[in-house]
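Visitor: Sequence:
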Amino acid sequence: MRRIFALTTRGLEGISADEMAAMPDITITQTAYRRVMATCEGSLAALLGLRTVDDVFIDVGTWSDIGHTRDVLKKITRYSSDIDLQSAYEACAELRPVPERPTFSVTANFVGKRNYSADEIKLAVADGVYNTYDWIYSADDSIAELNLRVFIDHETALVGVRLGQEALNKRPYKLAHLPGSLKPPVAAALVKLAKTAPGQSLLDPFCGSGTILVEAALMGAAAQGGDADAAAVEHARTNLQQAGVTVPVQQCDARTLPLADASMDCIVSNLPWGRQVQVDSELASLYRDALAEMRRVLVPGGRIVILTGTPELVVLPRLECTQEIEISLFGQNPTIVVLDKQ
Numbered sequence: 001m002r003r004i005f006a007l008t009t010r011g012l013e014g015i016s017a018d019e020m021a022a023m024p025d026i027t028i029t030q031t032a033y034r035r036v037m038a039t040c041e042g043s044l045a046a047l048l049g050l051r052t053v054d055d056v057f058i059d060v061g062t063w064s065d066i067g068h069t070r071d072v073l074k075k076i077t078r079y080s081s082d083i084d085l086q087s088a089y090e091a092c093a094e095l096r097p098v099p100e101r102p103t104f105s106v107t108a109n110f111v112g113k114r115n116y117s118a119d120e121i122k123l124a125v126a127d128g129v130y131n132t133y134d135w136i137y138s139a140d141d142s143i144a145e146l147n148l149r150v151f152i153d154h155e156t157a158l159v160g161v162r163l164g165q166e167a168l169n170k171r172p173y174k175l176a177h178l179p180g181s182l183k184p185p186v187a188a189a190l191v192k193l194a195k196t197a198p199g200q201s202l203l204d205p206f207c208g209s210g211t212i213l214v215e216a217a218l219m220g221a222a223a224q225g226g227d228a229d230a231a232a233v234e235h236a237r238t239n240l241q242q243a244g245v246t247v248p249v250q251q252c253d254a255r256t257l258p259l260a261d262a263s264m265d266c267i268v269s270n271l272p273w274g275r276q277v278q279v280d281s282e283l284a285s286l287y288r289d290a291l292a293e294m295r296r297v298l299v300p301g302g303r304i305v306i307l308t309g310t311p312e313l314v315v316l317p318r319l320e321c322t323q324e325i326e327i328s329l330f331g332q333n334p335t336i337v338v339l340d341k342q
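Under this note's numbering, read the sequence shown as residues 1 to 342, first letter to last.
No lab work stands behind these hints: they were computed from the structure.
Incorrect hints may appear among the rest.
[Unchecked claim] Derived DSS-like pairs (lysine-lysine); straight-line CA-CA distance at most 27 Å:
no.	residue 1	residue 2
1	195	122
2	122	75
3	170	183
4	341	195
5	74	113
6	113	174
7	122	74
8	195	174
9	75	113
10	195	170
11	195	183
With the hints as extra help, turn the sequences into a complete structure.
Guide: Take a look at the structure:
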């Protein structure tokens with residue numbers, strides 16, 4: 001049995017925990033701020049297919065008394081010297097090539113104010129690991145075979161070794177980017193909340209660079225999308241092609257969708273926030289008209305899942321709000337709103 005943990009977007013912990021719990025041999029042990037702790041009785045390979053987490057790690061230790069003063073850095077070096085990294089090394093080597101003397105990087109982040117920086121934490125960890133294992137430290141994560149993650153929440157540090165070569169949130173299909181483009185794990189979480197069964201139709205009428213469409217198609221949905229911006233449509237097509245999925249995308253106005261009544265099983269979209277993306281029309285009017293169109297094309301009993309920075313604008317008759325989840329994204333706190341058509 002191996003202990004693991006996944007890091008996720010604040011607010012998506014429950015969704016990520018559900019995704020992990022549905023996997024064979026995984027038992028969730030704790031869900032906390034931005035993380036899900038678990039144990040795995042079998043192969044770790046399936047964890048590399050997680051969609052709603054930012055990354056997944058082999059748990060190699062928990063440190064206590066990690067305060068805010070600079071003397072903690074010496075303690076971090078001492079703790080790092082005592083980590084048992086050999087078993088984590090062997091687990092990673094079962095899944096991918098790792099040299100006997102690997103190059104390693106360190107990623108560090110913390111909650112609350114400190115009298116030291118993340119870069120200083122990285123160097124303190126690197127010194128400790130080098131003292132014991134003589135591995136090669138690199139500040140460039142892109143060339144490292146192994147990555148150590150230190151996540152400090154108040155005075156407790158969770159320490160892990162990344163299971164994959166790269167972070168799971170770095171999807172290889174994401175070639176084209178637009179302002180306000182979603183993180184793929186957030187897009188996957190929106191699709192999960194829609195509860196779309198394989199083969200069911202899914203629409204994103206504000207598709208941007210197509211992240212939701214890719215994630216939906218990879219989960220088996222019959223996805224299609226549109227956007228009023230011609231450049232966004234081209235960006236979406238580029239990413240969809242890179243992902244190897246076939247999804248129709250067209251330039252269209254979300255307020256006048258070229259679709260028949262009750263033709264879509266669900267709708268998932270990242271609506272313009274008015275801050276991340278500039279919109280031409282007044283935001284309240286855009287929301288009212290676009291939501292009315294979504295309701296029109298949605299089948300009875302269908303579901304709409306949207307991400308918005310202005311949830312107070314998501315009000316329309318015959319659409320029942322069944323769930324709201326505030327998350328952290330782009331330094332802001334947008335809300336996922338789940339609407340069911342009555």
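Visitor: Would you list, in rising numerical order, the hints stated earlier that this structure does not obey?
Guide: 1 and 6
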